[in-house]
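Asks: Going line by line, the protein sequences match chains A and B.
Anchor point for the first sequence: position 156 equals 156 in my numbering, and the numbering is continuous, going up by one each time.
Anchor point for the second sequence: position 263 equals 263 in my numbering, and the numbering is continuous, going up by one each time.
Check the hints yourself; a few may be wrong.
With a Cα cut of at most 27 Å, we get these calculated DSS-like pairs of lysine-lysine [unchecked claim]: (1) Lys167(B) / Lys188(A); (2) Lys151(B) / Lys194(A); (3) Lys167(B) / Lys194(A); (4) Lys201(A) / Lys79(B); (5) Lys201(B) / Lys188(A); (6) Lys194(B) / Lys194(A); (7) Lys194(B) / Lys151(A); (8) Lys238(A) / Lys201(B); (9) Lys79(B) / Lys238(A); (10) Lys287(A) / Lys2(A); (11) Lys238(A) / Lys167(A); (12) Lys151(B) / Lys167(B); (13) Lys238(A) / Lys238(B); (14) Lys201(B) / Lys167(B); (15) Lys151(A) / Lys167(B).
Residues from chain A that keep clear of chain B, each with C-beta distances beyond 10 Å, as calculated [said to hold, decoys possible]: (16) Ile22; (17) Glu45; (18) Ile59; (19) Arg137; (20) Glu185; (21) Glu213; (22) Glu264.
Hints were generated in silico from the structure; no laboratory data involved.
Don't be surprised by glycine CBs; every beta carbon is placed ideally from N, CA and C.
2 protein chains.
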Amino acid sequence: MKIGLDAMGGDYAPEAAVLGAIEALEQIGDDTRITLFGDEARITEILSREGCPASSFDIVPTTEVIEMGDHPAQAFTKKSDSSIVVGFQHLKEDKIQGFASAGSTGAMMVGSSMVIKQIEGVIRPTICTVVPTDSGRESVLLDVGLNVDCKPDVLYQYGLIGSIYAKAVLGVDRPRVALLNIGEEPEKGNLATKAAYELMKETEEFYFVGNVEGNHLFDQEIADVIVCDGFVGNVVLKEVEGFYGLMVKHGISSPFIRALNYEEIGGTPVLGINSTVIIGHGCSTPKAIRNMILQTEEAVKSGVVTKFKEAFN
Amino acid sequence: MKIGLDAMGGDYAPEAAVLGAIEALEQIGDDTRITLFGDEARITEILSREGCPASSFDIVPTTEVIEMGDHPAQAFTKKSDSSIVVGFQHLKEDKIQGFASAGSTGAMMVGSSMVIKQIEGVIRPTICTVVPTDSGRESVLLDVGLNVDCKPDVLYQYGLIGSIYAKAVLGVDRPRVALLNIGEEPEKGNLATKAAYELMKETEEFYFVGNVEGNHLFDQEIADVIVCDGFVGNVVLKEVEGFYGLMVKHGISSPFIRALNYEEIGGTPVLGINSTVIIGHGCSTPKAIRNMILQTEEAVKSGVVTKFKEAFN
Chain A
1 MKIGLDAMGG
11 DYAPEAAVLG
21 AIEALEQIGD
31 DTRITLFGDE
41 ARITEILSRE
51 GCPASSFDIV
61 PTTEVIEMGD
71 HPAQAFTKKS
81 DSSIVVGFQH
91 LKEDKIQGFA
101 SAGSTGAMMV
111 GSSMVIKQIE
121 GVIRPTICTV
131 VPTDSGRESV
141 LLDVGLNVDC
151 KPDVLYQYGL
161 IGSIYAKAVL
171 GVDRPRVALL
181 NIGEEPEKGN
191 LATKAAYELM
201 KETEEFYFVG
211 NVEGNHLFDQ
221 EIADVIVCDG
231 FVGNVVLKEV
241 EGFYGLMVKH
251 GISSPFIRAL
261 NYEEIGGTPV
271 LGINSTVIIG
281 HGCSTPKAIR
291 NMILQTEEAV
301 KSGVVTKFKE
311 AFN
Chain B
1 MKIGLDAMGG
11 DYAPEAAVLG
21 AIEALEQIGD
31 DTRITLFGDE
41 ARITEILSRE
51 GCPASSFDIV
61 PTTEVIEMGD
71 HPAQAFTKKS
81 DSSIVVGFQH
91 LKEDKIQGFA
101 SAGSTGAMMV
111 GSSMVIKQIE
121 GVIRPTICTV
131 VPTDSGRESV
141 LLDVGLNVDC
151 KPDVLYQYGL
161 IGSIYAKAVL
171 GVDRPRVALL
181 NIGEEPEKGN
191 LATKAAYELM
201 KETEEFYFVG
211 NVEGNHLFDQ
221 EIADVIVCDG
231 FVGNVVLKEV
241 EGFYGLMVKH
251 GISSPFIRAL
261 NYEEIGGTPV
271 LGINSTVIIG
281 HGCSTPKAIR
291 NMILQTEEAV
301 KSGVVTKFKE
311 AFN
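Bound conformation, chain A alone:
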């Protein structure tokens, strides 16, 4: 298997990206190779400095970089020799089986939807995050910011997508899917969640356990998969980041608090598209990049994309 990494993506690229890739070498499978997309001279310079043979990686030289300030869709067209555009081309041609980047989220989404395209039957692709819980197990939260003003049928599909992901990637046998809401009772909620509840309550496509409130996000008492609108999911996720930052600031730590660190969580998978794409935090450190590569490998190995295709066809 080949995993592609955008070596030019992220605030500390290519330094952090290449160092992360080197760290990942120790942990990836024997049959996995990492392909680095980016400025070949700078990449080989870092590798040489670190005493890492350039032959440890496949390197695809690119000459351009999509910057954070670029308009994602325009940059995708104009910067045709950028690491992200070339990476997506390789992904589309199956030269790599998964692609990860800590670069422009917008450009990664353009590539996901325009080059890789959504799976037939999926109304809206989504992005999820894996939330650490107090039990030590992880749960899946989606959507965390891609789609706002989600219609009930979109929320319903997120239940199915999250369930397939939790089963395939996290190894949860029969994932409990809950709808994030403002009360446990079926009649609680806003227009979208009330209608989504009605769609979910008797489904046989996934194991729906009802509504979950915000106070149970981290205890996994209720759910393995938590479905919400992207506006809500984004606020919830950033609230976690805010907590974590305060705890770090005050020197408060625990296994649970450390698990809230985005570096540990890795990247954000794009789900419902025809391949494996993972988007990292712009400020990714080498450790975060390493985890994102391992996460990409795991997702490819799990065959989750094929499982999505089977479910929606």
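For this one, chain A is given, so just place chain B on it according to the hints.
Replies: Only chain B this time, still in chain A's reference frame:
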């Protein structure tokens, strides 16, 4: 001034309510009296056991209690001699100037809207909470669960209501009002926040500082007042509760974490109505009741209701 307390409200009533009222006696102003609504025999029994003279309070005997399981609107009509219904009657007649209860939230909302009524010009009354921040100062978050699917003009009014509240009750000189959103840029958000931003951006009614993301809820770097839809606000608030619960469970503490305790925060004021109403947590302890009484006194003293009326007329 007279502050009314529903002595029958809350999971541990009347015990916790009466004990909380006794605790509050030490801290309320010399010119403030507390009126207890409830079962006179049980109230006086607790007072006597605690060695507190019954004359320390005004007691209004009532014979019924609206239970959590009762339908709020129906119970309000049927249980006309309940502590909540009688309390609202006294509030309406200005026999008390503020009313607090840890009882049925639904019944408290029925009383607020049907007996006290919203201030003319207010589209939707709201409930807010005071969020502790890392700076030690507090900020106001609204709406925290009363109104979902808020229209942009409702969000706009929440900016004004929150600003008046922060100034009058929290003593913030020129409250910075922000819109909770999923990006800082004006064009970010869902349909409602994008439109609300447009309404707020050039207002002179309050000091709008733009969007705030979920990671800045607790640091007060950006805002003193944070406006959001009630669905989002409720999830955000319960996420805090969940986080606090985990910290307690693991014996992790700090001044900031302790400040997240609902007992410290007190109750939830209903804003935009013609008097002062505060709703407490069902599981309120004596300490939480005491803080809710002090909060009610503070709100009445601040004249915030008059300030709302002036702003909306």
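Asks: If a hint holds in the structure, say so; if it doesn't, say that too.
Replies: Results of checking the hints against the structure:
1. The straight-line distance between the Cα atoms of Lys167(B) and Lys188(A) is roughly 33 Å, outside the 27 Å bound, and the hint therefore fails.
2. Pair hint Lys151(B) plus Lys194(A) holds up; C-alpha atoms about 18 Å apart against a cutoff of 27 Å.
3. In summary, the hint linking Lys167(B) to Lys194(A) is not supported, as the alpha carbons are separated by about 37 Å, beyond the 27 Å threshold.
4. Between the alpha carbons of Lys201(A) and Lys79(B) the distance comes to roughly 35 Å, so the proposed pair goes past 27 Å and is violated.
5. A hinted pair counts as satisfied when its Cα atoms are at most 27 Å apart, and Lys201(B) with Lys188(A) does not qualify at roughly 32 Å.
6. Only pairs whose Cα atoms come within 27 Å are accepted, and Lys194(B) paired with Lys194(A) is accepted, the gap being roughly 24 Å.
7. A distance of roughly 18 Å separates the Cα atoms of Lys194(B) and Lys151(A); the hinted pair therefore holds under the 27 Å criterion.
8. For the hint pairing Lys238(A) with Lys201(B), the CA-to-CA distance comes to about 24 Å; that is within 27 Å, so the pair holds.
9. Pair hint Lys79(B) plus Lys238(A) does not hold up; C-alpha atoms about 44 Å apart against a cutoff of 27 Å.
10. A hinted pair counts as satisfied when its Cα atoms are at most 27 Å apart, and Lys287(A) with Lys2(A) qualifies at roughly 20 Å.
11. Among the hinted pairs, Lys238(A) with Lys167(A) is consistent with the structure: their alpha-carbon atoms are about 25 Å apart, no more than 27 Å.
12. This hinted pair checks out: Lys151(B) and Lys167(B) have alpha carbons roughly 25 Å apart, not beyond 27 Å.
13. Between Lys238(A) and Lys238(B) the alpha-carbon distance is near 14 Å, which keeps this suggested pair within the 27 Å criterion.
14. Only pairs whose Cα atoms come within 27 Å are accepted, and Lys201(B) paired with Lys167(B) is accepted, the gap being roughly 20 Å.
15. The straight-line distance between the Cα atoms of Lys151(A) and Lys167(B) is roughly 38 Å, outside the 27 Å bound, and the hint therefore fails.
16. Even its closest Cβ contact with chain B, about 30 Å, leaves Ile22(A) beyond 10 Å, as expected for a residue assigned away from the interface.
17. In this structure Glu45(A) is separated from chain B by more than 10 Å, as the shortest Cβ-Cβ distance comes to about 35 Å.
18. In this structure Ile59(A) is separated from chain B by more than 10 Å, as the shortest Cβ-Cβ distance comes to about 34 Å.
19. For Arg137(A), the condition that its CB be more than 10 Å from all CB atoms of chain B holds, with the nearest at approximately 14 Å.
20. The Cβ of Glu185(A) sits about 12 Å from the closest Cβ of chain B, beyond the 10 Å cut-off, so the non-interface label holds.
21. A cut-off of 10 Å between C-beta atoms contradicts the statement that Glu213(A) is not in contact with chain B; the least separation is 5 Å.
22. The non-interface label for Glu264(A) is consistent with chain B: the shortest C-beta to C-beta separation is roughly 17 Å, beyond 10 Å.
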